[in-house]
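Asks: Those protein sequence lines, which keep their order, are chains A and B.
Residues 1 to 529 (my numbering) make up the first sequence, in order.
Residues 1 to 311 (my numbering) make up the second sequence, in order.
I should point out that these hints are in silico values taken from the structure, not numbers from a laboratory.
A couple of the hints might just be wrong.
Among chain B residues calculated to face chain A with C-beta under 7 Å, some are [stated by the list, open to error]:
1. GLY32
2. ARG53
3. ARG274
If the Cβ cut is set under 10 Å, some of the chain B residues that face chain A in the computed set are [what the hints assert, rightly or not]:
4. GLN103
5. SER167
6. GLY169
Quick caveat: nothing in here was measured; it's all calculated off a predicted structure.
Ideal Cβ positions, reconstructed from N, Cα and C, are used throughout, including at glycine.
Listed here are the chains, written in short residue letters.
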Amino acid sequence: MKKFAFATALTLAALTVQAQAQEPRRGGTIRFTAPYGASFVSNDSHVSNQIQDEIYTYALHGMLYKWDSKAGKPALDLAKSVTVSADGKVYTFKLRDDALFHNGRKMTADDIIWSYARIMDGSKNFPGARYVARIQGATEVQKGQAKEISGLKKIDDTTLEMTLTEKADPGYFLFQGQTAIYPAKEAQAPDFFNKPIGLGPFKFVEHVPGSRMAFERWDKYYQAGKPYADKLVISPMGEAAARDVAFRNKEIDVSVLGSTQYVAYKADANLSKGILEVAEVFTRNMGMNPTFKPFSDKRVRQAINHAIDSELIIKRLVRDKAYRAASWLPLSSPAFDKDAKPYAYDPEKAKKLLVEAGYPDGFEFEWTATPNESWGIPIVEATIPMLAKVGIKVKVKPVETSALGGVVVGGDFQAYIWSNTSGPDTLTALKCFHSATPRSSCNYTTFKNAAYDKLIDDASAENDPAKQLELLKKANAMLQDEAPVWFFNYNKAVMAYQPWLHGLQPNATELALQRYEDLWVDASSPAAK
Amino acid sequence: MLPYVSRRLLQAIPILLAVAALIFVLFSVIPGNFATSQMADGRSNIDAETIARMNQQFGLNDPLPLRFAKYVGGLATFDLGDSFRTRQPVINLIGERLWPSLQLALGAMLFAIVIGVPLGFFAALKPGSWVDMLSMVFAVSGLSLPMFWLGLLLMYAFALTLGWFPSFGYGDGDPRYIVLPAIALGVSPLALLARTARAAVLEIMHADFVRTARAKGAGSYRVMRWHVARNALVIVLTTLGLQFGSVLGQAVVVEKLFAWPGLGSLLVDSVTWRDIPVVQGCILTIVLFFLVVNIAVDVLCAVVDPRIKYS
C-alpha cells in the first residue's frame, strides 16, 4: 500500500512538474530570424510587400484580422465581433476598446479609416492597396478622385462599417501586415517612422538596418498576460549556412531550413527533435502559354504532366522538402481533395497523348527559369531527359529571380517555372484561372474555360459555405484535368527551433510569420533572463 | 601639396561622373525593374495598372537622356534621389550604413597591416626560412580562398567550435562582433601586403644605396630602419591604399554573411530589388572612398619619402 502511495505521489509530482514545464513562463528574450535574403526595408510596414517586413510587423503592429494557424483561417484581432449583411457585402465591426497604441492612446475607428486611406494613397503606391481596394470607394482615393474611402463609415469610436465591392470575407485580405493599423495623428508626425508605435505585442526599441530589429514587451497589450517574453530581437539572416552556425551555436531560437539542411537536421538525433513542418499555401508549377501552339492543346499539357517523374525529383533534388501536387490548391486548403491522385508518371501515356494531339515526333519549347534550387533551373534540368524520352526538347532560358515577374506578366514566355501563392483564400486562389482575370493580375497562363468560369461564378454567389466548398472542389478537379500548368509540388516549409522555445504555430500562409505574443522561452534558454 | 590635393579632388569629379553614367546605362539595359521585382517570391500579384503607376512615380517612363540629366542634376546638389523601396532619401540610407562599413574596413585593414607587413618583412630578411615559407603559404592561400567559404570556416572554428566570438551580428559596441568579419575581409589584403612587403624589402636590400650604407659602416638596425624599411614603406603604402579603397566594395559578401549593417548588404539588397537610386548611391560612395584613400596615400608617401614631390 505504501509502495502504491509512493508511486502515486511520484507520478503526481512528475505530472505536476510536467504541467508546470508547459505553463508559459514570463521573461527572457526571443531571438528570432527573418530568414530571407534582404534586410528589413524600413520601419514603415506599409511600404513593403516583402515577407521580411511582415515578420517584424507581427511584433509591432495589429491588423483588423489575424491568421489563426490552428483553425487555418482568419480570425478577428482588433475587433470583438462582426455582423454581416444579407448580401455579404456590408461588415459592421465592434472594435476592441482595450487595444492601446504603444503611447497609451486607445485605438478608434478613425485610426483604421486613416490607415486604409493612407494605404490607398495613389502617390505612394503601397503594396497593400491591392487588399484595401476591395473596400468600396478605395480605388477612387487611389485615383485621387476622393479623399476618403466611401465604403468605410465610422458609427462611433468603436463601431466601424465596411462595405465591400463584392461579396467576400475581408478576413482573407485584411490580416496581412501591409494593412497594419497606425495611430492616425501620431503617424503624421515627421519623425514617426524613426520610432514607430503600433498596437502589437511588442514596442519598438531600435532598428540597426541589415542587422537587427529589437523590441520590448508592451505591458498594456490587449491580451491579458501576453506577451510572455520581455524582449524580442529579430535578425535578418539570408545566408542559410550562417543561420545554421548561429542556430547550432544557440545564438538564435529558430531557423528556416533549406532542403540540404532539412536532411542534415532530420538525421541528427538532437536537432530532429525541434523541427516544425507545414504545407504552405504555395504551388510550384510550370505555366504553359497557350499562344505557343502545342500548349493550346489540353492533351499536350496533360502529356507533360505524365512525362515528368515529379516524385523522383521531389525525392532526389528537393530532398522530400515538398508535397507532391495533385492540382492547384494546396494540402492546407479546405477544398483540397484528399482522394485526388496526382498525374502518374507514365511516358507511354504521354507519348499517346502527343500522338493524339498531332505531335508524334514531339516538339521543342523554351522554358524560362530562375536559378532557384527548389523551383528553378536545377529542376528544369532534371526534367530534360524525362521530356526527351517522349520527344519533347527543352531549351532553358535563364532569367534573374527579380526579372521573372516582369517576363510572366508581359507574356514573354513559352513556359516558365515559378512558385505561386495558392491560398489561403481558396476562392481568390482559384479566381486566378477565371477568364475574366487578366494575365497581369494572376491568370499567368491566360486560362479560359467557360465551364470553369461558371463554377467560380456560382461559388462566388453561393451563401452556403458547404455548397461553396463543393463547387470549389469541382473547380480544382477541373483544373487538374485541364492542366494549364505542370503540377509539381506544394511547398513544405520547415522551421528548426531550440528546445527552450515554446508556442510556435504551424502557419500555412508563411511559417516564418509567428504570433510572438504566444511564444515563450523556458529557463534553459541562454537568453532566459 | 594643397594645390596637388585640390587638383586630385577635382580630377575625381569626371571619374565619378563616368562611373555614374556607366551604372546608369547598365541598370537601364538589364531586365527587370522595381515594380516587377516585387513579384519575385510569387506571393504578390501586382497588376499592370500598379506597375504603370510605379514606373510613372519613379520616372522610369521618361526617356533615358532625360532621366540621366535629372540624375546628374541631382548629383550636382548632392541629391542622390529617393529609394524606390523605402521612399527615403538615398543619402540618409547611405549615412546610416557608412559607419559600420568603415568600421569593418578599418578592422580588416588593421588586421592585414599588423600581420601582413611584419610577415613580409621577416620573410624577406630570411629568404627560404620557415617564416618565408609560411608567408608564402599565407599569401597564396589568402589570395585564393573564396571570402564566403573563409567566413563560414571562421564561424565554424571560432564561434561554433571554440565559442570565442559571436557568429553574426553588429553587437552593442562589443568589439568581439567585428573580429570574425574583419578577419574574413582582411585575409586577402593581408596576403597581398605580405607579398608586396617581401618583394619590396628583397629588392631594396640589394640596391646600391643599401650596399653603400653598409660599406660606410652603418649597422644592420640603422640600414634596416633608415634605408630598407623607409623605402619599402612607400611601395607598401601604395598597395595599402589600393587595398584599403577596395575592401569597402569587397565587403558585400562578408556583410551579408555576418549580418553586418554596412553598405555592402544595402547594395546587394538594392540590386536584387532594382532599387536603382540606392545602387547608384552606394557605388558612387565606394568609388569616392577609393579615390579619397588613394589621394591620402599619395600624400602619405610624400611625407615618408621627401624625394617625392607633387607639383
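Asks: Classify the hint on B/ARG53 as holds or violated, based on whether any CB of chain A lies nearer than 7 Å to its CB.
Replies: 6 Å, holds
Asks: Should the interface hint for B/GLY32 be scored as holding, given a Cβ-Cβ cut-off of 7 Å against chain A?
Replies: 3 Å, holds
Asks: Please check whether B/GLY169 passes as an interface residue: C-beta within 10 Å of a C-beta belonging to chain A.
Replies: 6 Å, holds
Asks: A closest beta-carbon separation below 7 Å is what the hint needs, so does B/ARG274 meet it against chain A?
Replies: Given a least distance of 6 Å, the restraint on B/ARG274 holds.
Asks: Do the numbers back the hint for B/SER167, that is, is its least Cβ distance to chain A under 10 Å?
Replies: 5 Å, holds
Asks: Using Cβ atoms only, decide whether B/GLN103 comes closer than 10 Å to chain A, and label the hint accordingly.
Replies: 12 Å, violated
Comparing the model with each numbered hint stated earlier shows that hint 4 is the single one that does not hold.
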